[in-house]
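Trainee: Each chain is listed here by its residues.
Number of protein chains: 2
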Amino acid sequence: MNTTTRETTIAADPNAPTITITREFDAPRERVFRAHVEPDLVRRWLGPRGLEMDIDRFDCETGGAYRYTHRDENGEYRFYGSFHEVRPNERIVQTFTFEGFPDGVSLETVTFTDLGDGRTRIEGLSFYDSVETRDLVLSSGMDHGVREGYERLDELLAG
Amino acid sequence: MNTTTRETTIAADPNAPTITITREFDAPRERVFRAHVEPDLVRRWLGPRGLEMDIDRFDCETGGAYRYTHRDENGEYRFYGSFHEVRPNERIVQTFTFEGFPDGVSLETVTFTDLGDGRTRIEGLSFYDSVETRDLVLSSGMDHGVREGYERLDELLAG
Chain C
1 MNTTTRETTI AADPNAPTIT ITREFDAPRE RVFRAHVEPD LVRRWLGPRG LEMDIDRFDC
61 ETGGAYRYTH RDENGEYRFY GSFHEVRPNE RIVQTFTFEG FPDGVSLETV TFTDLGDGRT
121 RIEGLSFYDS VETRDLVLSS GMDHGVREGY ERLDELLAG
Chain W
1 MNTTTRETTI AADPNAPTIT ITREFDAPRE RVFRAHVEPD LVRRWLGPRG LEMDIDRFDC
61 ETGGAYRYTH RDENGEYRFY GSFHEVRPNE RIVQTFTFEG FPDGVSLETV TFTDLGDGRT
121 RIEGLSFYDS VETRDLVLSS GMDHGVREGY ERLDELLAG
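Quick note, the sequences are listed as chains C and W, same order. FYI, my numbering numbers position 105 of the first sequence as 105, with every residue one higher than the one before it. FYI, my numbering numbers position 159 of the second sequence as 159, with every residue one higher than the one before it.
Bound-form chain C, shown alone (with noise of 0.2 Å):
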C-alpha cells in the first residue's frame, strides 16, 4: 500500500477566507461519490473516530438537506445544511453550520475526479464571510477529524 497517495492536504489561502482539502483514495469514483450520499455509509466515516453519528435528515440532491449530530463521552455536536447542488459522480455543493456556533455559516464544494485505476481524488473548497471566521474553524482541530474521518473512509472503501 502506497501511504503517501493517501496523504490528506489542508490548505488556507494567504488572499480569501477558503480553505482547500484534497485526498486521493483507492476505490473508483462512482463508490467514493456513493460513500458522501448514501446516509447509511457516510455514518460509517464522517468525522473522527470514537463519534456517534445520528442522521436526523440527509437528503444528497440539488435542494435537499441536511442535519445530524455527532457524540461522543464529552457531548453532543449538532450540524446542520442544506445541499445546493449535486452532480452524480461529479461534484457536491452544500453550506454547513455547527449549532454551537449558530451565526456561522460555510460553503462548501467537493468534485470527484477519476483519475484511471479505479483511483479517485476529491478536493473540496470551504468559504467563509471573514479570514477571522476561516481561522477559528482551522484552529479548532477540524484538520484532526477530517484527516481521520477520510482514514475511516479509506477502510470502508477497502471492505
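For the record, the hints were derived by calculation from the structure and aren't laboratory data. All C-beta atoms, glycine included, are put in the ideal place defined by N, C-alpha and C. Any given hint might turn out to be false.
Partial list, derived from the structure: chain C residues whose beta carbon lies under 8 Å from chain W [unchecked claim]:
#, residue
1, P17
2, G63
3, G81
4, S82
5, F83
6, H84
7, E85
8, V93
9, T95
10, T97
11, V105
12, F127
13, D129
14, V131
Since the structure of chain C is already known, use the hints to place chain W on it.
Mentor: This is chain W only, laid out in the frame that chain C set:
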C-alpha cells in the same frame, strides 16, 4: 417622503470576496420579511422592472430550496439555490446560482432589523469563492436589478 432613507448601498469589501447591500424600508419588519418569504409576493418585486418571474419552487424555510425563471423580451434567465436557514423576521441564509454560469455559487445572508416607527433595515452579505467571481458579478449590472427591485418592493409595501 424622505427618499434619502431609501438609498440602496452596494459595497465591495477590498479585503474579501464579498458584497454588502443595505436598504431601509418604510414598513414594519414582519411585512418586509413576509415579502421575502411568500412566493406570491416575491414575484412582484424581485429583480428589475419589465421581467416576468415564473417560480418552479420557493420553499423559504430552513432546509428548503427555490428555482425560478426571469423572462424578458431578450430571453430567459434561470436561478436556483437552497435555503440554509430561515429565522422568522430575523435572518435568511441562502445559496444562489445563475444557470448561465453553472459552476458559480454564492452564499447570501440577509438580516432584518426593526428600526422602530414602523421602519426596517435589511442588510445583505453575499460571499464568493474569489475576488474575480465577485467582481464579475458586480460588473454584470446586478446593482441596477437590486436597486430597481427594492423600488418595486417599496411600491408593494405601500400598496
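Trainee: Next, verify each hint and record whether it holds.
Mentor: Now for the hints, and whether the structure bears them out:
no.: 1; hint: P17; in the structure: holds, 6 Å
no.: 2; hint: G63; in the structure: holds, 3 Å
no.: 3; hint: G81; in the structure: holds, 6 Å
no.: 4; hint: S82; in the structure: holds, 4 Å
no.: 5; hint: F83; in the structure: holds, 6 Å
no.: 6; hint: H84; in the structure: holds, 4 Å
no.: 7; hint: E85; in the structure: holds, 7 Å
no.: 8; hint: V93; in the structure: holds, 6 Å
no.: 9; hint: T95; in the structure: holds, 4 Å
no.: 10; hint: T97; in the structure: holds, 7 Å
no.: 11; hint: V105; in the structure: holds, 6 Å
no.: 12; hint: F127; in the structure: holds, 5 Å
no.: 13; hint: D129; in the structure: holds, 5 Å
no.: 14; hint: V131; in the structure: holds, 7 Å
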